[in-house]
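J.: Taken in order, these protein sequences are the chains called R and G. Using this note's numbering, you'd call the opening residue of the first sequence number 8 and step up by one each time. Using this note's numbering, you'd call the opening residue of the second sequence number 2 and step up by one each time.
By construction, these hints were calculated from the structure, which means they are not laboratory data. The C-beta atom is built at its ideal place from N, Cα and C for all residues, glycine as well. Incorrect hints may appear among the rest.
[As the list claims (entries may be wrong)] With beta-carbon atoms standing in for the labels, derived distance ranges:
| hint | chain 1 | residue 1 | chain 2 | residue 2 | range |
| --- | --- | --- | --- | --- | --- |
| 1 | R | 94 | G | 261 | 51 to 59 Å |
| 2 | R | 32 | G | 185 | 25 to 33 Å |
| 3 | R | 145 | G | 298 | 48 to 56 Å |
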Amino acid sequence: MIRALVHLALAAPLCVLGLAWQRHALGVDPQKALILESGIWTFNLLMLVLLLPIGARWAGWPQLLRYRRAAGLWVFTYATAHFIFFLSFYLGWDFARLAEEIAERPYVLLGFAAWLVLMLLAATSTRQAMRWLGRNWKRLHAGVYFALAFAVVHYLLMIRSEWAWPVSYAAIALVLLTLRLRRMRLPQN
Amino acid sequence: MTRVTDESTFRRRRFIAGALGLGAIGAFSGLRYGGGVSVAEETQPQQVASADSSMLVLQESGERLTTKYAATHYNNAYEFGWDKTDPYQKSGAFELKPWQVTFDGLCAQPGTFDLDDLMGMPFSHLEERIYDFRCVEAWSMVIPYNGRPLGDILKVVEPLGSARYVSFTSVLRPEQMPGQASAFSTLDWPYVEALTIEEAMHPLTFATFGVYGDQVLPQNGMPFRITVPWKYGFKSPKFVVRVTFTETRPDATWHIENPREYGWYSNVYPDISHPRWSQATERRIWNEGDIERIPSRLYNGYAEEVAHLYPGDRQQYR
Numbered sequence: 008m009i010r011a012l013v014h015l016a017l018a019a020p021l022c023v024l025g026l027a028w029q030r031h032a033l034g035v036d037p038q039k040a041l042i043l044e045s046g047i048w049t050f051n052l053l054m055l056v057l058l059l060p061i062g063a064r065w066a067g068w069p070q071l072l073r074y075r076r077a078a079g080l081w082v083f084t085y086a087t088a089h090f091i092f093f094l095s096f097y098l099g100w101d102f103a104r105l106a107e108e109i110a111e112r113p114y115v116l117l118g119f120a121a122w123l124v125l126m127l128l129a130a131t132s133t134r135q136a137m138r139w140l141g142r143n144w145k146r147l148h149a150g151v152y153f154a155l156a157f158a159v160v161h162y163l164l165m166i167r168s169e170w171a172w173p174v175s176y177a178a179i180a181l182v183l184l185t186l187r188l189r190r191m192r193l194p195q196n
Numbered sequence: 002m003t004r005v006t007d008e009s010t011f012r013r014r015r016f017i018a019g020a021l022g023l024g025a026i027g028a029f030s031g032l033r034y035g036g037g038v039s040v041a042e043e044t045q046p047q048q049v050a051s052a053d054s055s056m057l058v059l060q061e062s063g064e065r066l067t068t069k070y071a072a073t074h075y076n077n078a079y080e081f082g083w084d085k086t087d088p089y090q091k092s093g094a095f096e097l098k099p100w101q102v103t104f105d106g107l108c109a110q111p112g113t114f115d116l117d118d119l120m121g122m123p124f125s126h127l128e129e130r131i132y133d134f135r136c137v138e139a140w141s142m143v144i145p146y147n148g149r150p151l152g153d154i155l156k157v158v159e160p161l162g163s164a165r166y167v168s169f170t171s172v173l174r175p176e177q178m179p180g181q182a183s184a185f186s187t188l189d190w191p192y193v194e195a196l197t198i199e200e201a202m203h204p205l206t207f208a209t210f211g212v213y214g215d216q217v218l219p220q221n222g223m224p225f226r227i228t229v230p231w232k233y234g235f236k237s238p239k240f241v242v243r244v245t246f247t248e249t250r251p252d253a254t255w256h257i258e259n260p261r262e263y264g265w266y267s268n269v270y271p272d273i274s275h276p277r278w279s280q281a282t283e284r285r286i287w288n289e290g291d292i293e294r295i296p297s298r299l300y301n302g303y304a305e306e307v308a309h310l311y312p313g314d315r316q317q318y319r
């Protein structure tokens with residue numbers, strides 16, 4: 008029951024976006040709106056996933072951690088939607104153009120790299136993969152912080168003149184990264 | 002009534018013949034046109050009253066225009082904010098009247114003119130031109146502009162032989178333009194843009210007082226903007242209050258902000274890769290949600306008219 012609600016909550020932004028698209032509520036350029044919004048929500052959920060253990064500790068509610076995998080898979084879903092919108096609206100599914108974009112434009116390269124990391128993590132999120140990877144599973148999944156770092160720079164590179172939003176996201180991500188690094192240096196208990 | 006059609010064929014090829022004829026008139030009648038030369042009878046583009054109101058099509062040529070709704074609800078005017086909806090949402094306090102434009106620098110007859118003097122005729126009599134508008138962000142629209150060739154106005158103030166550039170300064174009104182008051186923007190206000198004197202005098206360069214026959218559109222840069230259809234849109238400055246003739250190359254706002262991304266010339270070159278957006282194709286916005294991906298054209302389709310301005314390696318005019 009709670010699990011269903013969690014999934015519903017995580018899917019809600021994407022559903023709202025899809026509904027708004029269908030109802031022509033995304034303004035003159037829905038393509039651009041879809042790309043921007045799916046990107047922002049990938050970022051939001053990615054930070055949510057990383058905040059879960061901290062939140063669970065602070066709230067004294069360890070059950071929260073049970074929904075980490077669900078949230079992580081939704082991050083990958085949003086990132087994939089973002090990628091598909093870009094491929095479809097900006098590149099018209101022209102994969103030669105995609106290769107050019109990745110080679111020539113660092114923000115595309117970073118976005119693509121972040122998506123690859125998330126795909127790898129999603130692909131190894133099953134219990135079977137956990138068992139098979141053993142201790143390496145944890146190491147591999149610490150790679151989510153690489154996805155975060157790529158996403159931060161990807162967004163910072165979008166700045167043309169107004170910097171408030173990208174810089175705010177970068178600041179939050181920096182806090183998350185710092186917390187993680189501090190945890191690594193502390194002796195394991 | 003046929004004028005609109007004339008100008009739509011005019012759009013691709015016939016500018017020079019039409020516009021050059023006007024040259025002499027400004028000189029002897031001040032800013033006023035003589036009788037009836039290239040004066041549009043009707044400034045509203047003719048619409049086919051088809052069942053689908055989202056299609057705006059010129060009756061005689063069958064050429065399609067972007068709808069007024071799309072062209073007035075999706076704009077870049079960082080003076081009002083960085084979002085495409087800011088210009089129409091946050092321009093309510095902007096005062097379009099009175100409006101004066103000062104001409105100074107290297108010209109024999111500097112002075113300040115009211116908007117009506119610059120138009121030189123009733124607004125409804127201005128020429129209407131349909132231009133493809135191409136944003137550096139790789140989207141485009143087809144828009145009917147109301148105005149007159151900028152060169153006709155510039156001739157009246159008599160630029161000196163030493164004037165090699167023309168710079169345009171936009172209005173500075175942070176109290177009416179929330180984007181200018183933003184603490185999170187790195188842009189310097191007021192907005193400045195510039196052209197070479199040859200570009201400014203080119204018959205395609207259009208002093209613009211309205212779009213779709215409507216003057217009350219601050220989001221589109223009214224009451225006075227310059228339209229330069231073969232360059233990326235930011236080279237067409239909005240809310241212009243000052244025009245200055247100079248000998249040395251003037252600054253331009255986006256160019257100072259990031260010279261690697263916004264070249265001083267910024268001609269539309271689909272084959273020259275841009276650090277942020279591939280310019281090979283563009284998304285043609287016809288109407289709300291009605292978007293078509295099409296190949297971009299050299300000089301935005303105006304190569305025949307303007308390519309001669311740029312001899313040698315095109316890299317230097319990016």
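J.: Does each hint fit the structure? Answer for all of them.
T.: Verification of the supplied hints:
1. R/94 to G/261: 51 to 59 Å: For residue 261 of chain G against residue 94 of chain R, whose Cβ atoms are near 26 Å apart, the range 51 to 59 Å is violated.
2. R/32 to G/185: 25 to 33 Å: 27 Å, holds
3. R/145 to G/298: 48 to 56 Å: 54 Å, holds
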